[in-house]
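Please take these sequences and the hints and turn them into a complete structure.
Residue numbers (this note's numbering), protein chains in the order written: chain A, 1 to 110; chain B, 111 to 237; chain C, 238 to 339.
Derived by calculation from the structure, the hints in this document are not laboratory data. Incorrect hints may have been included.
Per label pair, the in silico range of CB-to-CB distance [to be verified]:
{"#": "1", "chain 1": "C", "residue 1": "Thr-310", "chain 2": "A", "residue 2": "Glu-57", "range": "43 to 53 Å"}
{"#": "2", "chain 1": "B", "residue 1": "Ala-237", "chain 2": "C", "residue 2": "Thr-310", "range": "27 to 37 Å"}
{"#": "3", "chain 1": "C", "residue 1": "Thr-310", "chain 2": "A", "residue 2": "Thr-41", "range": "45 to 55 Å"}
{"#": "4", "chain 1": "A", "residue 1": "Pro-42", "chain 2": "B", "residue 2": "Ile-146", "range": "28 to 38 Å"}
{"#": "5", "chain 1": "A", "residue 1": "Lys-73", "chain 2": "C", "residue 2": "Lys-292", "range": "50 to 60 Å"}
{"#": "6", "chain 1": "B", "residue 1": "Ser-220", "chain 2": "C", "residue 2": "Thr-284", "range": "47 to 57 Å"}
{"#": "7", "chain 1": "C", "residue 1": "Gly-324", "chain 2": "A", "residue 2": "Leu-21", "range": "28 to 38 Å"}
{"#": "8", "chain 1": "B", "residue 1": "Met-177", "chain 2": "A", "residue 2": "Met-1", "range": "21 to 31 Å"}
{"#": "9", "chain 1": "A", "residue 1": "Lys-73", "chain 2": "B", "residue 2": "Asp-232", "range": "49 to 59 Å"}
{"#": "10", "chain 1": "A", "residue 1": "Lys-105", "chain 2": "B", "residue 2": "Gly-174", "range": "23 to 33 Å"}
Computed from a prediction, not measured in an experiment: that's the story for all the values here. Glycine included, C-beta positions come from ideal geometry on N, C-alpha and C.
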Amino acid sequence: MAYTLNGKTVEADEEGYLVDLNEWNEELADLIAKDENITMTPEHWEVINFLRDYYAEYQIAPAVRVLTKAIAKKMGPDKGNNKYLYELFPYGPGKQACKIAGLPKPTGCV
Amino acid sequence: MEEENESGVVKKFMYVNRKAPYGTIYALEVLEMVLISAAFDQDVHMAFLDDGVYEIKKGHTPKGVGMKNFSPTYRALEGYDIEKLYVEKESLEERGLTEDDLLVPVEVMSRADLAKLMSEMDVVLTA
Amino acid sequence: MSTLHTVNKSPFERSNLDSCLGHVVAGDSIILIEDAVYAALSGTSVTARMADAAKQFRICVLGPDLQARGMDTGAVIDGITVVDYGGFVDLAAESRVVNAWL
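Following this line, the structure appears as structure tokens:
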């Protein structure tokens, strides 16, 4: 599949993950989120930015369990828990948030 | 003694890395296997010996050969609760490397000690 | 006329480099690429053999493959030359035959 943003086509795989991570931008993230029936809020962006930082540092998208723990460590237990993260990303803070963040499907996501 | 978690018996796994990175795909494949297997809450050990010690050498810069630098991912292992990393002393020495050349904290042990540790595992996967 | 020998396997894992060294004749060149670049470094168990070979033959090592593996070009054995892709092409062009020790 592909996304169309401002008349430009951005390639994605059959599940909607970007083929080329470098094509990501915030406007595209909004578009992908819309496809996922998510309206982006500052709370969503906080997770997306965290994921992008994680990827920049470790070169992988974390498994959801690892993401939850890492967010708890950085932002506290109020945000680093399944309930909070699944409310933001109902189809999974790993799978869905990574897609919006322009990252590959999480490694170690079974 | 075997422990149990909610889904059953915890086994001692050891992934043995003995291939250099980039020249072949083995190193990356083992790393991905380890990350995926981390979801099963097993007692995971990673050993680096022979050319496998090169996998965790600092300073990989594969841009010039058009490949992705996957070495930072070894530093993510800690977040996956994989903290038992062992490096064989003789393999380092044969290659002129020391513990300071490595990008993750490891336990350096002799070939004989590593052999003993390996013999205590329930599952060993070598690549 | 000469042969350029390419070696791409680690000297610690395979015997390709040893075989190559046993079949090089005067005037030939050797280039170490991919996992064979580890053979070009000082301080290892194959350094003495390589330093000796470098006295008899022209031996080169591919820089981008050293950098990929985090190896310092400053640690390359004296007498072994670091080349880039262009240098690799020049070596091949200068040689009558290229023999790849895969």
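Which hint numbers doesn't this structure obey? 1, 6 and 9
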